[in-house]
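Visitor: For the sequence shown, our numbering begins at 326 and goes up steadily by one.
There could be a bad hint or two in this list.
Said to hold, decoys possible - For lysine to any residue, the following SDA-like pairs were computed, each having C-alpha atoms within a straight-line distance of at most 25 Å: (1) K380 to A365; (2) K380 to A346; (3) K380 to D419; (4) K380 to V405; (5) K380 to L367; (6) K380 to W364; (7) K380 to L356; (8) K380 to V406; (9) K380 to D357; (10) K380 to T348; (11) K380 to A349; (12) K380 to S353; (13) K380 to V354; (14) K380 to V369; (15) K380 to H401; (16) K380 to V360; (17) K380 to T445; (18) K380 to E370.
Please keep in mind that the hints were generated in silico from the structure rather than gathered at the bench.
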Amino acid sequence: MATTPRGGAPRRPRGRPRDDALTARALSVTLDLLVERGWAGLGVEAIAGRTRAGKAALYRRWNTVGEVVRAALTAHPIAVVVPADAPTVAEALDGLLESWQQPLTHRELAAAAVLGSLHTDPDLAAAVQAAVEEPLSRAVAVLADVARRSGRPLEPARLRLLSTVLHALYRQRLASGSGRRHHHPPDVLGVLSTVLLGGDAPVPITGGTVAGA
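Kindly generate the complete structure, drawing on both the sequences and the hints.
Guide: Spelled out as C-alpha cells, the structure:
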C-alpha cells in the first residue's frame, strides 16, 4: 500500500507488484498436477512449467511445494451439498448422501491425492483440514439446524457421533480415488439411521443402487 510522507508524493512499495492472475493460475495448475501425478509426482519445476512462470516467481509466493498445495486446496475447498430447506433431517441426509454417490469431482481428486501423505508435511494436513474437514463440519451444523427446525433436535452426544460417522464415510469416499459412481454399503446406512433417528425409520437413498442390494 502506498504511503504519503509529509510534504511529498505517495511513496510506492518496493519490489515488483504481485501478479494475482499468475497466483490463481499456479493454484489451478497445482490441482491439475495433483490429479494427474499425485503428491509424489508434484514438484516446483512441474508447477512452474505448466504455469509458464519462473521458479523464482513461485518462491516469492510460497516456500515449499507443500505450501502451494495448502494454498490451492484452501482456495478450492470441496463442495458439501446439504439441502438446508429439507423438512426433515432424514431428507437432508438423503440429499447429502446422494451427492456422495456421484463420481469424485476434480477438487476431491486433488484432495484425495494427498491423503496418504499427511504425516509427511504439516502443510498437507492443514490443507485437508481447511478444504475437507471444515466443509464437512459445516455440513453437520446444517443437519443439526434442520433437526432443530423439524422439532427433533439432536443431543450433543448423537451430534458428535453423526459428525464422526460422516467424516469417516467421506474419507472412505476420497480413499476410493474413483471417477466412477460411489455406492454406500447398507450397514453404513443403518448406522446413520440409528444415529439420526434412533432406529425408528430407515434413511432413504435415492439416485443409485446400493451395493449388495
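Visitor: Check the hint pairing K380 with S353 against an upper bound of 25 Å on the C-alpha distance.
Guide: 16 Å, holds
Visitor: Verify the proposed pairing of K380 with A346, using a straight-line Cα cut of 25 Å.
Guide: 16 Å, holds
Visitor: Keeping to a limit of 25 Å between CA atoms, is the pair of K380 and D419 held or broken?
Guide: This hinted pair is violated, its Cα atoms lying about 46 Å apart.
Visitor: Is K380 close enough to E370, meaning Cα to Cα at most 25 Å?
Guide: 7 Å, holds
Visitor: Going straight from one Cα to the other, do K380 and H401 come out at no more than 25 Å?
Guide: 23 Å, holds
Visitor: Is the Cα-Cα distance between K380 and V360 25 Å or less?
Guide: 21 Å, holds
Visitor: K380 and T348 were given as a pair; does the straight-line alpha-carbon distance stay at or below 25 Å?
Guide: It holds: about 12 Å lies between the C-alpha atoms, which stays within 25 Å.
Visitor: Taking 25 Å as the top limit, are the C-alpha atoms of K380 and L367 close enough?
Guide: Answer holds: K380 to L367 is near 14 Å, not above 25 Å.
Visitor: Quick one, are K380 and T445 close enough, alpha carbons at most 25 Å?
Guide: Holds - the C-alpha atoms of T445 and K380 are around 23 Å apart, at most 25 Å.
Visitor: Hint check: K380 vs A349, CA-CA at most 25 Å. Holds or violated?
Guide: Measuring from Cα to Cα gives roughly 15 Å; hence the hint holds.
Visitor: Going straight from one Cα to the other, do K380 and V405 come out at no more than 25 Å?
Guide: 34 Å, violated
Visitor: Taking 25 Å as the top limit, are the C-alpha atoms of K380 and L356 close enough?
Guide: 17 Å, holds
The structure fails to meet hints 3, 4 and 8 from the earlier list, while all remaining hints are met.
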